[in-house]
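Residues per chain are reported as follows:
Number of protein chains: 2
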Amino acid sequence: MKTIKTKDEMRAVSAKLISQGRTFGLVPTMGYLHKGHISLIESSKKKCDATIISIFVNPIQFGPGEDYDKYPRDTQRDIEIALKEEVDFVFIPESKEMYLKNHLTYVNIEKMDKVMCGHFRENHFRGVSTVVLKLFNIIKPDYVFFGEKDFQQLTIIKKMVNDLDVDVKIVSCKTIREPDGLAMSSRNKYLSEKERKNAAILYNTILFAEKEIKKGCKDLEEIKKECLEILNQNEFIKKIDYFDFRDPETLDECESAHGSLHDILIASAVYIGETRLIDNKVVLL
Amino acid sequence: MKTIKTKDEMRAVSAKLISQGRTFGLVPTMGYLHKGHISLIESSKKKCDATIISIFVNPIQFGPGEDYDKYPRDTQRDIEIALKEEVDFVFIPESKEMYLKNHLTYVNIEKMDKVMCGHFRENHFRGVSTVVLKLFNIIKPDYVFFGEKDFQQLTIIKKMVNDLDVDVKIVSCKTIREPDGLAMSSRNKYLSEKERKNAAILYNTILFAEKEIKKGCKDLEEIKKECLEILNQNEFIKKIDYFDFRDPETLDECESAHGSLHDILIASAVYIGETRLIDNKVVLL
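In order, the protein sequence lines correspond to chains A and B.
Going by the working numbering, the first sequence opens with residue 127, and the numbers climb by one from there.
Going by the working numbering, the second sequence opens with residue 127, and the numbers climb by one from there.
To be clear, the hints were calculated from the coordinates, so they are not data collected in a lab.
Just to be clear, a hint being listed does not mean it is correct.
In this list, chains with the same sequence are indistinguishable; a pair is considered to hold if it fits within one copy or across any two.
Capping the alpha-carbon separation at 30 Å, the derived lysine-lysine pairs in BS3-like fashion look like this [what the hints assert, rightly or not]:
1) 173 with 323
2) 350 with 320
3) 323 with 407
4) 350 with 337
5) 407 with 227
6) 341 with 300
7) 340 with 284
8) 227 with 337
9) 227 with 275
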């Protein structure tokens, strides 16, 4: 396994892989790797001749007052995990290597980047789209692997790739969960023991909504009201950013589950104590 | 010469050129080719093994009330010119081939796209950056050729390429002019005979400003005032959008010519009758 710190070196490795006719996959991460990332790596290793992971805590996707500074980092541990998983290359640039001093260019996926998490995290998704497109341009992977846990991110990246004719295939991978249902996330580390024990409430409420949708008796407004009640009753939930029913492809809000022409994305963001957690599930109709 | 209408066919041609190890250049145009375009084609032919021109009047870079509908088009003549110039491929997609029905993704080069022409043509430059990035992604050229006549466009594209790590080299080519100094432009066709005879006033005023800067006696504010007077006195000039002195790299406004640490871009946009013309010159200091 080779660790790469500069764009130039990364470009040289990519050019060599291309000239050898080897397909290669990219798993973009912000490090602090967990089983979710490992499952992305496994997907890439199954599909591609070589696998690259990038580790970069992207400053431009964090807003003022968000957790950029305290975002968990443990490069040594990450590299050991990558080694164990037989990753071929780890691209781990510094911020000043990734961005010019006077960076001005941003990719905006309009409408989609304003709803759900985008409504609460201004400029978050333009930061994500911009860094992801930069990684695509530097690394030129055949396949890129994203987890469904960050469903809005996945939808936005797919839209960007289609709209801008980017020559890459996006592979979405199932959310990996703890035994109690909590979705794996680097931010779970922030939870106190008590908060952690209660954190599965988010996924359980999403499962409750799914069950109610499938029953087909109540309208979505009613189900949403019940879900908000469940969440509000839990003493560890300090704030609910949203609990939404949306079209998984366009992220438009669903009016009604009855006769819906598409599947329904149930997505939510809540604060357990100080920690913002997100989760989602697509109900296949 | 081959004429290509679909992205898929274009991608196949590009892949073949790459696999053959041939370098190739792209000359992006909106058609209605003139000597300015031909000089870009000649530059590409000198530098590259193969040359592709794209012809696409890009709807998203025109604002409401602008000349998208009446923009001059003559595909047959364009193809004859390309043939005569021994272009290898002409990519000429329709609008519905280039854009998905629900296109949402735009590339914004902040600050730079708000000044000069960007101040008067809202969303113009995000339309340009977006289509140009799409063309880069579809065609994957080694070199792309832009004229200096659209200087702000050139500066913005260079900035986008640097900021987004796009793997392409931008080549800027000198503005081609009519014998009286008028910069070649497809929009010159809009000018009446009388307007055409007076249109060189724009470039002559820019040359006057250059001379005054080089003399070094007056400050930029004074020179600007004199230039605006010259333009205002011409009965064919119906409106002056701007007459600016700027840093050619950042497009920041110049405070003073004395002791400037960079060259000075003189750039202007005026209406001759109903026709909006732009021109510029970089003063090397």
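Does the structure break any of the earlier hints, and which numbers would those be? Those not satisfied are hints 1, 8.
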